[in-house]
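Colleague: First to last, the sequence lines map onto chains P and D. Here the first sequence is numbered in this note's numbering, starting from 1 and rising by one per residue. Here the second sequence is numbered in this note's numbering, starting from 1 and rising by one per residue.
It is possible that some hints are incorrect.
[Said to hold, decoys possible] The calculated label-pair distances, taken between Cβ atoms and stated as ranges, are:
hint: 1; chain 1: D; residue 1: LYS92; chain 2: P; residue 2: VAL68; range: 45 to 53 angstroms
hint: 2; chain 1: P; residue 1: GLU94; chain 2: D; residue 2: LYS318; range: 42 to 50 angstroms
hint: 3; chain 1: D; residue 1: GLY766; chain 2: P; residue 2: VAL77; range: 45 to 53 angstroms
[Stated by the list, open to error] 20 angstroms max Cα-Cα, derived DMTMM-like pairs, lysine to aspartate or glutamate:
hint: 4; chain 1: P; residue 1: LYS35; chain 2: D; residue 2: ASP129
hint: 5; chain 1: P; residue 1: LYS35; chain 2: D; residue 2: ASP132
hint: 6; chain 1: P; residue 1: LYS62; chain 2: D; residue 2: ASP129
hint: 7; chain 1: P; residue 1: LYS49; chain 2: D; residue 2: ASP126
hint: 8; chain 1: P; residue 1: LYS49; chain 2: D; residue 2: ASP132
hint: 9; chain 1: P; residue 1: LYS2; chain 2: D; residue 2: ASP132
hint: 10; chain 1: P; residue 1: LYS56; chain 2: D; residue 2: ASP75
hint: 11; chain 1: P; residue 1: LYS62; chain 2: D; residue 2: ASP132
Keep in mind the hints are simulated off the structure, nothing from the lab. Quantities reported herein were computed from a predicted structural model and do not represent experimental measurements. The beta carbon of each residue, even a glycine, is placed where N, CA and C say it ideally should be.
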Amino acid sequence: MKISGTATINAPQSQVWAALNDIDVLARVVPGCEKLEQIGENQFEGVVKLGMAGIKGVYSGKIRLEDVDAPRYYKLVAAGKGSNGVVDAVGTVELETLPDGNTTLKYGGEAQIGGMLASVGQRLIEGAARQLIGQAIKALEAQIAQRAPVAPEVPAVTDAPAAPAAPVAADAPAAPDASTAPASEPVRRSVVLSESEQLKPETLVAGMVGEWLNSTIGKVVLVVIGVVIGYLLGRGR
Amino acid sequence: MTSETTTPMIGRAIKRREDPKLITGQGNFLDDVKLNGMTHAAVLRSPYAHARILSIDTQKAAALPGVVAVFVGKDLLDVNPLPCAWPAGGFKNNMNTPRAMAVDVVRFVGEAVAVVIAEDRFIARDALDLIDVDYEPLAVVVDPEKATQPGAPQLHENAPNNVVVEWSAGNREGTNRAVASAEVVVKERIINQRLMATPMETRGSIARYESSTNEFTLWTSSQAPHVMRLLLTAFVFGIPETKLRVIAPNVGGGFGQKIFVYPDMVFCMWISRKLGRPVKFVEDRSENFKSSTHGRDHVTDVELSGTRDGKITGLRVKTYAGLGAYLSTIAPGVATTLYGRIVTGVYKIPNVSIDVIATYTNTAMVDAYRGAGRPEASYLIERIVDRFAAELGMDPAEVRRRNFIPPTEFPYDNGLGLLPYDSGNYAPALDKALANVGYADLRKEQATLRAQGRYLGIGISSYVEICGVAPTAWANGQGWGAGLWESANVRIHLTGQVVVTTGSLPHGQGVETTFAQIVADELGVPYDSVLIEHSDTAGTPFGYGTYGSRSLAVGGTAMVKSARKIKEKAKRLAAHLLEANPEDMIFADGKISVKGSPDKSKTFGEIALYASVGASMPEGEEPFLDETTYYDPPNCTFPFGTHISVVEVFPDTGAVEVKRYVAVDDVGNIINPRIVHGQLHGGIAQGMAQALYENAVYDDNGQLLTGTLMDYAIPNASMLPDFEISHTVTPSPVNPLGVKGAGEAGTIGSAQCIMNAVIDALSPFGVRHMQMPATPEKIWHATRG
Numbered sequence: 001m002k003i004s005g006t007a008t009i010n011a012p013q014s015q016v017w018a019a020l021n022d023i024d025v026l027a028r029v030v031p032g033c034e035k036l037e038q039i040g041e042n043q044f045e046g047v048v049k050l051g052m053a054g055i056k057g058v059y060s061g062k063i064r065l066e067d068v069d070a071p072r073y074y075k076l077v078a079a080g081k082g083s084n085g086v087v088d089a090v091g092t093v094e095l096e097t098l099p100d101g102n103t104t105l106k107y108g109g110e111a112q113i114g115g116m117l118a119s120v121g122q123r124l125i126e127g128a129a130r131q132l133i134g135q136a137i138k139a140l141e142a143q144i145a146q147r148a149p150v151a152p153e154v155p156a157v158t159d160a161p162a163a164p165a166a167p168v169a170a171d172a173p174a175a176p177d178a179s180t181a182p183a184s185e186p187v188r189r190s191v192v193l194s195e196s197e198q199l200k201p202e203t204l205v206a207g208m209v210g211e212w213l214n215s216t217i218g219k220v221v222l223v224v225i226g227v228v229i230g231y232l233l234g235r236g237r
Numbered sequence: 001m002t003s004e005t006t007t008p009m010i011g012r013a014i015k016r017r018e019d020p021k022l023i024t025g026q027g028n029f030l031d032d033v034k035l036n037g038m039t040h041a042a043v044l045r046s047p048y049a050h051a052r053i054l055s056i057d058t059q060k061a062a063a064l065p066g067v068v069a070v071f072v073g074k075d076l077l078d079v080n081p082l083p084c085a086w087p088a089g090g091f092k093n094n095m096n097t098p099r100a101m102a103v104d105v106v107r108f109v110g111e112a113v114a115v116v117i118a119e120d121r122f123i124a125r126d127a128l129d130l131i132d133v134d135y136e137p138l139a140v141v142v143d144p145e146k147a148t149q150p151g152a153p154q155l156h157e158n159a160p161n162n163v164v165v166e167w168s169a170g171n172r173e174g175t176n177r178a179v180a181s182a183e184v185v186v187k188e189r190i191i192n193q194r195l196m197a198t199p200m201e202t203r204g205s206i207a208r209y210e211s212s213t214n215e216f217t218l219w220t221s222s223q224a225p226h227v228m229r230l231l232l233t234a235f236v237f238g239i240p241e242t243k244l245r246v247i248a249p250n251v252g253g254g255f256g257q258k259i260f261v262y263p264d265m266v267f268c269m270w271i272s273r274k275l276g277r278p279v280k281f282v283e284d285r286s287e288n289f290k291s292s293t294h295g296r297d298h299v300t301d302v303e304l305s306g307t308r309d310g311k312i313t314g315l316r317v318k319t320y321a322g323l324g325a326y327l328s329t330i331a332p333g334v335a336t337t338l339y340g341r342i343v344t345g346v347y348k349i350p351n352v353s354i355d356v357i358a359t360y361t362n363t364a365m366v367d368a369y370r371g372a373g374r375p376e377a378s379y380l381i382e383r384i385v386d387r388f389a390a391e392l393g394m395d396p397a398e399v400r401r402r403n404f405i406p407p408t409e410f411p412y413d414n415g416l417g418l419l420p421y422d423s424g425n426y427a428p429a430l431d432k433a434l435a436n437v438g439y440a441d442l443r444k445e446q447a448t449l450r451a452q453g454r455y456l457g458i459g460i461s462s463y464v465e466i467c468g469v470a471p472t473a474w475a476n477g478q479g480w481g482a483g484l485w486e487s488a489n490v491r492i493h494l495t496g497q498v499v500v501t502t503g504s505l506p507h508g509q510g511v512e513t514t515f516a517q518i519v520a521d522e523l524g525v526p527y528d529s530v531l532i533e534h535s536d537t538a539g540t541p542f543g544y545g546t547y548g549s550r551s552l553a554v555g556g557t558a559m560v561k562s563a564r565k566i567k568e569k570a571k572r573l574a575a576h577l578l579e580a581n582p583e584d585m586i587f588a589d590g591k592i593s594v595k596g597s598p599d600k601s602k603t604f605g606e607i608a609l610y611a612s613v614g615a616s617m618p619e620g621e622e623p624f625l626d627e628t629t630y631y632d633p634p635n636c637t638f639p640f641g642t643h644i645s646v647v648e649v650f651p652d653t654g655a656v657e658v659k660r661y662v663a664v665d666d667v668g669n670i671i672n673p674r675i676v677h678g679q680l681h682g683g684i685a686q687g688m689a690q691a692l693y694e695n696a697v698y699d700d701n702g703q704l705l706t707g708t709l710m711d712y713a714i715p716n717a718s719m720l721p722d723f724e725i726s727h728t729v730t731p732s733p734v735n736p737l738g739v740k741g742a743g744e745a746g747t748i749g750s751a752q753c754i755m756n757a758v759i760d761a762l763s764p765f766g767v768r769h770m771q772m773p774a775t776p777e778k779i780w781h782a783t784r785g
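From just these sequences and the hints, can you work out the full model?
Modeller: Set out below in C-alpha cells:
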C-alpha cells in the first residue's frame, strides 16, 4: 500500500518541526496511541490500539527517524506487530514554508501489511490509513495551536524547542503535563496517555466503516468529528 | 424377509437416505463431537509469507488462566514431516513437506507457528494474542513462473529455482514440426487461477490417546480415513498402524481438500499423548482459506496448429503449476498425470507435446480440487479450440465435430501416456446439446441483437475426463505410492438384513443411497434392508477413500462383486437344502430355485437364516454369508459431454447474465438420476463460479487478499441459472455396472463453457481471450478497448 499527500498547517515551519519531534505532541496526534517512548536519539517505541473492519487490536511498534535534515525533512522507518497482523512501513515527511508564513507538510510512504489485517481488512486499509493520517494532521495542527505563543505572527526562532515552557494561550485548555526536556536530548522518556487524552481512533474508524456502509449513523459520527475538530481549530486561532 | 419381488432400484430417482438427518440438524459433524476432559487448540499462524523465526515467547500465553499448555514447532521434532504420497514422474527428489508446525522458517501466510491448548476455545484464542514472535522477513515469490526465474527468492535449499517437477509427455519433435509447418497457428497465455475449495464445513481434528493401550483415536473431517491412518502411523509417528483408529464423522463437503493429511491431525495426536487429554481443533473460515489446500494455479502457454479447413494438426503446451510452499499429499500427480495426460480432450490430435514445470511458491499448498487437473486440461483445450475456430471464422461447433475422436477408435490412445479412453461417442452429445439449446436460432438471434447493440454470447464446451481413478499398476507407474483399489464387505445377518461396509464414504455424494440401490438389486432384497456403513477404520475394510469420482465405479463394483459371491454361496446352500445341483440353481427375485422346477425354492431370507445359524452346513462350507472384495479395475473410466451456455454481457456495467445452461453429460449408466443431477448441478456451479467469480489472490508479499467470504466470491443460488440437464448413455466396458462417474464432470465441463460464451459475446470488441474470472471490471474495460 502506497500513500502520499500534502497538508497545509497554519503555523510556521519551525513550530511544525518542533512538534513533529516532540513525543508529547506525537503521542497526542497518533490515533489510538496509548504510550510513546523515546528510547534513543530519533528512536521511539509505542503502543497503539486500533480497530479496523471489525479487527480490533493492540499493536506495539518501533519507529526510527533517518536522514534527519532539520527543520525540513526526515525519513521514518516503522515496524509494528500485534495479534492481528504486522505492519512494516517506510515514510518521509517534508516541510516547506509558504509565502504566507504557514507550512506545507508533504508525506509519502509505503506500508506492507500482513496477517489478519491483510486478509480481512485489505479493502478498507487504504481508506482507513488516509483517514487516520487526516486525523493525525488535524490533531497536529490543534496541538501546535495549543502550544503556540500568543502572537503567532511573531517569526519563530529556528532553533527553539517546541516551547512547552511558553505560556499557553489564555483561552486554551490547560496544557497537558508535558515534560520539559528538549526533544533532541537522547534521554529515555515516555508519555503515557490517560484514556481521556488519547486520540480515539474508534470513532474515526466507526465513521469510516459507517461511510462505507453509507449509514446515517456513520454520517452522524463524521459530523461530530468534524464539529470537534472545527471547534479545536477555532479555539486554537 | 419375504420373497416379495422388489422393483429394480437401479435407475430410480429416489431421495437420498442421508438427507433427513443432515437437513434437520441431526448430522454429527466434527465440531459436534465432544469428549470428556477435552481440551481446545488454537493455532498461531504466520503473518509473513516468508520469514525466519528468530524467537517465540510463549510465557505470557502459558500463564493465562485456563491455558493448559503452549507448544511450538521445536517441541514436535520427534515426529516426521507429513508425507507426500505421489512423487510423480519428473520429480526432482526434493520433497519438502510441512511439519506440524514451522520450526525455523515460515514459508506461507497461515503456516502454524505455535499451538495453545486451553480449557475452552475462547481462552485458547485469547492466549494467541499473548505469544510474541520475532520474525526476520525474507523475500517472497507467489507466481509459479516467476519462482523459476534467476534471482527469485528460494524457498528450499534443495530445490534450485523452486522447481519440484519437470515433466513432459507426447511427441516433441513431431509437434514442433507440425506447428512450424501449419497453415494456421493460434497461441495464447491461459491462466487457470488459484481457487479455494470452500467446503461448507471447515476441516479439523480431535485426537484422544489412551495411555493404558497406547492407542489413538482421531476424528477428522476426511475423505479417506484409512489412508490417514496409514500415513499418520507409518510415516509421521512411526507407530504400528493398529495403534490408531480414524473416524470421519459426517463430512460437510470436501471437494478434494479433505483427502489430505494435515498438520492439525499431527499436533492434536501428539499433544493428546503429551497431556493425556483429548485435543480438539476446528478451523475457522479464515484458517481454512489460508492454511488448507487450494486448487489449480496454472500459468500456461499453448499453441494449436491446424489447417484452414479446421483440422487440428498439433498442440504444444507449457505449464507452470504452483504447488505452494510445501508438497501436499498428492500434489505432484495432480499437476502432471491428471492434467498433462488429457490435454488433448475429445480431439484426435496427431501431434501433441506438453511440458509441466511445478514449483514451490510462498503460498498455501495446492492439491486436488474438484476435477483435479482435468478442469485445467479441459479449460485449456476448449479455450484454444474456440480461439482456433474464431481465427478460421468457422463455427465452433463445426470445428469440434471435425476433430472428435471417431466412435470407431475406442479404446483410444491419445499419445500422452494415459490408459486408453474406455468408450465414447462425442458427436451425439454435441448434437443433442445443440438441439436442446436451439443453436441455429440462437445464432440468428445473436446477429439480430448485435445489430441493436446487445451482446449475446454462445459458449460450447465438449469435454472428456478421467473418473474411477484406479488401476493400481498404472498409478504406480505414475509415481503413486500406494494402491487405488477399493473394498466392500457384504454380510447377511440372521434376520436377513444386509450390512455393507466399504472404504468409500460420502461427503455429499449420497453414496449410502446409491450403494444401497445397487446391493438391493443385486441381491433382490428390499432397499430398506440394506445398511451401508463407512468412515470408521475400526468397522470397515481397508480402502482408499472417496475422490477422483471413483466411489461408484471402483467401490460400487467391489460391492457388486461381493454380492455376487454371496449369491454363489447362497446357491450352494440352497442346492444342499433342496438336494439339487448348485449349477442348476437360479437366483432371481429374492429366491433361489431349481432350474426347471420353480416350486423347489428357498427365499434368500431362509438361506440367510440357515447360514447364520450354521447348524448343518454342507461339507466344506463355513457358516454365515459374508464376502469381501478388493476390486482393482483394469482401467479408469472416461465420462464426456457437451455443455452450451448462453450469456448476455452489458457493456455499460460489465455485468454478465447467464441466460441458459444446457448440459448433455454421458456418465455411463445412471444408478440414481436425482443424485447424478445433484452432482452435476454442484459441479457446474463450481466451474461457473471459477469463470465468473472465484479467484484466490495473493499480493506480491504473499498476503492472501481473499481471506474471507466477503472477498472470495462463491456464488449463491440467485447468481446461477436453471441447469437444463440431459444425457447420452455410453456404458463403460470397464466395470459390470457400466458406470463412469459424475462427481466432477460438471466442474470439468463448465468453466470454459461460460468463458467461451463471454468471449463470444465480446468478440465484436475484438476480444479473443480473457483470463478468469470474467469480472464486470474486466468486461467493462474490454468493451472500451
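Colleague: Any hints this thing doesn't respect? Which numbers, in order?
Modeller: 9, 10
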